[in-house]
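**Q** Listed here are the chains, written in short residue letters.
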Amino acid sequence: MKDKMKKNTKNKIVRKLYSGIKIVIFFCILFLMVEIATKVVQRKESVKKYSDFWELSEQIDVLFFGSSHMLNGINPLELYAEYGITSYNMAKHGGMITESYWMLMNALDYCQPKCVVVDLWALDRDYQYIDLMDGNRTQEELDNSISLFHDNIDSWPLTKTKIEAINDLISDYEIKKEFVWDFSIYHDRWSSVNARDFKMAVGEKSERSYLGATPMYIFESGFPISQTQKIDEPLAYDTVCVKYLYKIMEECEKRGIEIIFTFMPMAESYAQDWLAVNTGERIAGEHDILFLNLLDHNSQNIIDYELDMFDEGHANTSGMRKLTSYVGQYLRKVDGIVDHRGDKEYQTWENLVSQWQGEEIQRLLGEPDLYLELNMIYDLNASGIIFMPGNSSSLQDNIIQKLIMRLAGSDAVLRAAEQDGPYLMIRDGSSGVMQIQEFVGEQQIDSFESILGDTCYIGLKNFGAVYVDGNFEDNYLNMEEYYETQVQVVILGQDGEVMSKLYYDPVWNDMKKE
Amino acid sequence: MGTASIEFILFLAILLGVYHVVPTGIKGIVLLGASYLFYGSQNSTYLIFLAVATLFTYGSGLLLEKNIEYRSRAKVIMGITIFANLFVLGWFKYINFFTGGKIESLFLPVGISFYLFMSIGYIVDVYRGKIKAEKNIISYALFVSFFPIIMSGPIERAGNLLPQFKKEYLAKIKFNTERIRDGFVRMLWGYFQKLVLADRIAVAVNTVYGSPESYGGAMVFVASLLYTFQIYCDFAGYSNVAIGIGEIFGIKIIENFRAPYLATSIADFWRRWHISLSSWFRDYLYIPLGGNRKGTIKKYVNVMIVFLLSGLWHGAGWNFILWGGLHGLYQVIGVLVEKIRRKVYRLLNVREDAFSLKGVKVSITFLCVNFAWMLFRITDMELFLRVIKRFKDIQIWQLFDGTIYNLGLDRANVHLILIGLGIVVVVDFLNEKGISVSKCIAKERLWVRWPLYLAAIMIVLVCGMWGSGFNANNFIYYQF
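The listed protein sequences correspond, in order, to chains A and B.
Just so you know, we're using our numbering here: the first sequence kicks off at 1 and counts up by one.
Just so you know, we're using our numbering here: the second sequence kicks off at 1001 and counts up by one.
I should point out that these hints are in silico values taken from the structure, not numbers from a laboratory.
Just so we're clear, the structure is a prediction, and the values are computed from it rather than from any experiment.
Treat the hints loosely; a few may be bogus.
Calculated lysine to any residue pairs in the SDA-like style (CA-CA distance at most 25 Å, straight line) [as the list claims (entries may be wrong)]: (1) Lys-513(A) <-> Asn-462(A); (2) Lys-1172(B) <-> Arg-363(A); (3) Lys-205(A) <-> Asn-462(A); (4) Lys-177(A) <-> Lys-1443(B); (5) Lys-177(A) <-> Phe-1011(B); (6) Lys-10(A) <-> Gly-1002(B); (7) Lys-1443(B) <-> Glu-345(A); (8) Lys-1172(B) <-> Asn-11(A); (9) Lys-177(A) <-> Lys-1172(B); (10) Lys-12(A) <-> Arg-1445(B); (11) Lys-22(A) <-> Ile-1180(B); (12) Lys-22(A) <-> Leu-1188(B); (13) Lys-1252(B) <-> Ile-23(A); (14) Lys-22(A) <-> Pro-1451(B).
Start from the sequences, fold in the hints, and give me the full structure.
**A** The structure is reproduced here in structure tokens:
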């Protein structure tokens, strides 16, 4: 009897244990499934932005913080290509100093940079919560503000620092929850998930991250260019953003990180920008911090607002290249920052840069937008032929004229416009120094040396030809199929070989490629 | 803290642990504390209101029992208690309606219609001697405030619930994985109905009712059908969640829905729809009014009174009263034409239990109910007329030209609704045949059972309309 009871008790315990194990396994499977679903339905903007950060974090020397001005202004790939400086762009659209502080704190959990560059745009803003802003915003603006913060922080692991950031920047409890567990908001994406979502969920990098930056391959014109009159006063009091700037400085000082302030150029500026700049200058002066003030166009004229920006506040890829190069000059002087090019341990950086440069060249060889193509020829210092036949309306296009003048370094194109063309430019960068040859108006030159070899040029109102080495069968310009094309661009390789022929009709926004 | 929130699930998980760990003697206190915590999380002011209402009826019950021998005195006590409860309900919920907006109540405590009706039911049952007045304040307070049912019912009966809150009963409740699993599955089914279907359907319905002129009669009819399922999935969904929670804690809560759209008449519909409310009206209003015992005309009058008040219970608006009145009218007409119907069956030589006849009856009942729900859905009579006018211009092609995919939901969401409703209909049909799908699944082997449970959880989590992105609608019945 006793034995039977003992056996029963033992059976009961075994059964309970079995039940307990089953429950644990069930919830483990469930947890795993939810985890997978979370990764699949998650919006991928943040994952994309930081896709390379986790792998490279220990090698990062410089971090950039700020708003879209910084996001579109500094390209870490370019910085590495030109100076060998390893960096990551942590800026975000609409990003204020408050967010910069918390993104820095999050980043410092994973890396130990030698320098931090902080853009001071919106230093005048005097609010902390991005879901309330200054209390005078529409719901749409508030939603946008929250959404942009998602783009920056979603992919960061849930750590104490991330929770502190959420608590500090978001006031509403319900909104905080969606940052702590973003599945609560993104599960709704189930009906629109695609192959990209699944691929990125398993860690596949389906898109280039540009090391956090967002180069704008856009050429726009017609945006307002107007600088407000320079004022000398700083902000009347320390705004919330100023207080957070001090926190950034304090943290950097504690960790021995050098800090540099910037204010990215703006084609249209306002009084509050000057207040921010003046305050930045005061703080920089008091704490012996380098301040690269690019708002002051008179003293730092490195940007052509018309050609290097795509709107009144943001640089295009041309502007980005110039800004990156400019900031890089100062970064290379920072203690501890060295040129890592050629270092085997930094091969990943080399690979990323090579890949990016390859993509840039591919873009150059088939860019559908003429303005952008001309900008890219300038940026990449490409060799090539640009031809505009007589009566080409592009000759009268003010922007094209400016882009051509920048490429040629002369105003010959204006004379061509006066004569109604034709116009020919041959760019030769094979020697390392760009050689420019321009031909304006109707003419025939039987023989001259160019990157192509012994060249013959015939330029008439309704005809153009570039023959090489006496081969009159093979015209580098296509005057048959693309006879009516407004602009012909031939991209040449190092030895003058044809890489790509592009035929543009800007009036019809059309491009054909051979 | 809404019942469709992560906080609630965590609250439930913690409570489940505490409930099964604490000494049996204080299980009731734990449940009461949890119920007050849950109700207080909606608004702490409501808690004071709930406590006062509880103490008042509790005291009245004891006083009534003391005077039970003196019927007239007992009747006065019961009358005062009922009046006080109805007055409070009327003040908070209907004062604005009855005074045409001249007086407005400061707030409307959530679930007030449910727990005050439960209190009234309790005092009448004590008066009738069906139950003894509850002496234990914890048990009584728990009866009024039990957290799964306080917000949206079912409207429990003291005779069913109070005995389950006795110490002796609670002491018998052990940690039983099968019971907890069954309760959880019931909850899951409720969440599926509410979050995956009802709230999703609401998007399409709101789109059409928001601008009926943009759609033809065919699409307005589809929207009315969708609303018919929306309100069912919404309310039945909540009831299933409540019953499931009760089961998890070993408390049996009465069934509230029984395949209502398979009803063969309006009277049958009300035996299947919101059973706890319709039976409450039957027991505490229809029968005291005389029921069907005082002649045919009085019976019709009683039916109309009950349904008009039932409509008013659902909301302070003429559309609700009209909705109730229409259901009353359906019932009266149903009785009036009963003889004619039978004659027709005989003439056509159709057996009353024939499947085809049942199909016709179910369809006609469904269409009548569907039409009445249109009154329930509209916000004012002007909208109702605008909606009805659309039937002059059917535009049948809108059913086929993809208009349905432009009602605020993409294709995947529309297909999910259709599949989901298909599942609801099949489950109801099987329930009608006495087959419980959840029990069938529970009998299966683990490798069949688990994937089904996991898939169901994932569907609710992924496809459910919850979380801050959607501001998931409060359950429709919250404000009743």
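**Q** Indicate, hint by hint, whether the structure satisfies it.
**A** Now the hints, each set against the structure:
1. Lys-513(A) <-> Asn-462(A): 21 Å, holds
2. Lys-1172(B) <-> Arg-363(A): 75 Å, violated
3. Lys-205(A) <-> Asn-462(A): 49 Å, violated
4. Lys-177(A) <-> Lys-1443(B): The hint is violated at about 38 Å.
5. Lys-177(A) <-> Phe-1011(B): Within the cut-off at roughly 16 Å; holds.
6. Lys-10(A) <-> Gly-1002(B): 43 Å, violated
7. Lys-1443(B) <-> Glu-345(A): 60 Å, violated
8. Lys-1172(B) <-> Asn-11(A): 22 Å, holds
9. Lys-177(A) <-> Lys-1172(B): Violated. Lys-177(A) to Lys-1172(B) sits at ~39 Å, over the 25 Å cutoff.
10. Lys-12(A) <-> Arg-1445(B): 21 Å, holds
11. Lys-22(A) <-> Ile-1180(B): 14 Å, holds
12. Lys-22(A) <-> Leu-1188(B): Roughly 19 Å separates the two Cα atoms, so the pair holds.
13. Lys-1252(B) <-> Ile-23(A): With a Cα-Cα distance of about 24 Å, the restraint between Lys-1252(B) and Ile-23(A) holds, given a limit of 25 Å.
14. Lys-22(A) <-> Pro-1451(B): The given pair, whose Cα atoms are some 14 Å apart, holds under the 25 Å limit.
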